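A.B. asks: Line by line, the protein sequences are chains A and B.
The first sequence maps to residues 1 to 386 in the numbering used here.
The second sequence maps to residues 1 to 386 in the numbering used here.
Worth flagging that the hints you see were computed from the coordinates, not collected in a lab.
Just so you know, these numbers come straight off a predicted model, no measurement behind them.
Glycine residues also receive a C-beta, built at the ideal position from the N, C-alpha and C atoms.
It cannot be assumed that every hint is accurate.
Unchecked claim - Restraint-style ranges between C-beta atoms, simulated for each label pair:
# : chain 1 : residue 1 : chain 2 : residue 2 : range
1 : B       : LYS247    : A       : THR233    : 43 to 53 Å
2 : B       : ASP235    : A       : THR233    : 12 to 22 Å
3 : A       : SER177    : B       : LEU76     : 45 to 55 Å
4 : A       : LYS88     : B       : ASP236    : 39 to 49 Å
5 : B       : ASP236    : A       : GLN359    : 28 to 38 Å
6 : B       : GLY27     : A       : THR233    : 52 to 62 Å
2 protein chains.
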Amino acid sequence: MVFSLPKRLFSCSSLLRNRAIIYTSNGPVTQALSIITYQPLPPPPPNTINIKFILAPINPADLNTIEGVYPSKPSLSSNLSSSGKGSKDEPVFVAGNEGLAEVVDVGEGVSGLEKGTWVVMDKPQVGTWATSRNVGVKDVIRLPFGKLNGLSEAHGATMTVNPTTAYNMLDSFIQLSEGDWIIQNGANSAVGKLVIQIAKIRGLKTINFVRSRDNLSELVKELEKLGATKVLTYDDLYDKSIRGKVKEWTGGKDIRLALNCVGGEPAAAIAKLLGSNAHLVSYGAMSKKPLSLPTSLFIFKNLTSHGFWQTRWSKENSRHKKAALIGTLAEWMTQGKLKAPDHENLTIFRHDSDEEATQKVRETLRRVAEGKVGKKVLFKLEDVNA
Amino acid sequence: MVFSLPKRLFSCSSLLRNRAIIYTSNGPVTQALSIITYQPLPPPPPNTINIKFILAPINPADLNTIEGVYPSKPSLSSNLSSSGKGSKDEPVFVAGNEGLAEVVDVGEGVSGLEKGTWVVMDKPQVGTWATSRNVGVKDVIRLPFGKLNGLSEAHGATMTVNPTTAYNMLDSFIQLSEGDWIIQNGANSAVGKLVIQIAKIRGLKTINFVRSRDNLSELVKELEKLGATKVLTYDDLYDKSIRGKVKEWTGGKDIRLALNCVGGEPAAAIAKLLGSNAHLVSYGAMSKKPLSLPTSLFIFKNLTSHGFWQTRWSKENSRHKKAALIGTLAEWMTQGKLKAPDHENLTIFRHDSDEEATQKVRETLRRVAEGKVGKKVLFKLEDVNA
């Protein structure tokens, strides 16, 4: 027989200090954010768990949240330190909304979650840009597949915002059957690419519009490889011949769902390609222009215009339904049917001082804010030696 | 015993010739329309009735229909004459969509409709600008109240387009309870005034916006007399203080229904006053500007934008439901709870020649098209001596 040490001895969570990317008041990311180091977490109180973040992405909405212009606000954290920033006297906001974490300790009364379980966040704005946090059992959703089953860390870390948005927009507004067509603009956005992939899984055909660019043929190839039925530019969209082309492709079948993350003319133009009783679902406004549509589309063609916000969906749906959705997405990911986004990890190393780490974080977020990073950036925060 | 002649002898419908306002191809109302005189109707075939129009309004959509730019198209009539215009060889479009008629003769197999019954049109674009027409029993809905019960001809003639639109917009998109608030622009439109009155009957509060004008205080008094809770101008609407005022009036209760017949800024501004999970329903675009709304209202406040078109509602709902609605509206009208629109009757006299009558019709429609008639104009066409 092999002699095995009690697992508890190998847990080092209590031996290492933690780090978090925090802010105390809203402002530009290059000024508001800093990194603090704080003491190891105490054992979790009843019905809570201590989790250690593996990877946590920078989403565009995180920047708006830190700037204070996002409708979903984090609560102040006062349990990081016994004194100074993050303490009861000086509570802080821990940044980050999405992330993959591993359970490192469970409190009394917790069932269904054990040490080593991978979890994603259910509660919005938990503050995922940190090493370890103590959270309620209902703040997380257990992943059915762990790393052993081939789900990558990047998959797990980017599961609760974009893939859920893509899935639910295809599912919530209209009953689509195999062979039905949908149309979208901003098709090369993170969500747009997931829409293409999930539509393909469901047997739906997609007409995808993107901005014209130098390397257009590469992008078209990439989207087609993901499963896009048609990929065109906004120049094609505004051309009079588009109506005839679409009719030819669909065999005259009405398109009844359009997904919009751009606004302005690229939104109006896809709405005009829809048939009667169709739904236009907006989840972004990258052009920063309003959604401007002819009233006649609403009156005579019975267009309905909706918005989709995963945060609201999450609030309005049961944990059971959310866990089932996460399960479905995780399965598709392990089957290779849903790609993880192109990404780069930004590691905050153990040996980085708080000052160095703060500069690194601010500089990265500045580049993201300026749109200079084509890939999804994921934070990997290392614990700090005690 | 009193000797009574068989009623049939007193029917003079077969002794007088008919007239209709017709067009043979789409064009401007001042050129396309003319009046023709045609032979008396033969007795109605089985399951049809002969009706005689009492009054028929000019609605804005009639002008668009004649111009050929309205989505609801009439069919050609080929049963007016045995030769010439309106015959099988030269079918014509009879203009007019709405109207009040009296049954003058019933075919075999018709039940529930007798001579003297007042009916309104169920089928769109029947061609109501005429003296007598032969129609199917399902083309009409019987009015439960006749003239003896105090329903005026003007009420009956203007029942199936505007009052139904107002009623259904308050009924179809959201469950409103007594004390709830709604908001509308173009509040002095025909539909807007009906919305005010029906809201009052239902115990709903209304915030009503109108264009500023010289006789504003008169208009405000008129709308308040109809039951408007608040009447303001678009200048008030664009003023920053409006948010606070509305909150004070509603006691902070969310407004969840906005009705829009203007588009452009007056539509966006009322949408911004709505609470979460609200519905913006558009039934017109008097400003001719598109419906332009911030995407954030859709995403973060879950605004849904719909259109309402009574023609579609009518197509999608059962005859039973439509008859019940007409019954409810007629009852409110006889109770004095719903006013007939301000109107003037335009009589085409028996002694007017076709040429004179044609000039009269064209001239009236020109004035309506130019917005020079403040009142609803209702056609009263007299039969012509045989």
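A.B. asks: Decide, hint by hint, whether the structure agrees.
C.D. replies: So, going through the hints one by one against the coordinates:
no.: 1; hint: B/LYS247 / A/THR233: 43 to 53 Å; in the structure: holds (46 Å)
no.: 2; hint: B/ASP235 / A/THR233: 12 to 22 Å; in the structure: violated (43 Å)
no.: 3; hint: A/SER177 / B/LEU76: 45 to 55 Å; in the structure: violated (38 Å)
no.: 4; hint: A/LYS88 / B/ASP236: 39 to 49 Å; in the structure: holds (47 Å)
no.: 5; hint: B/ASP236 / A/GLN359: 28 to 38 Å; in the structure: violated (51 Å)
no.: 6; hint: B/GLY27 / A/THR233: 52 to 62 Å; in the structure: violated (40 Å)
Checked against the numbered hints above, the structure violates hints 2, 3, 5 and 6; every other hint is satisfied.
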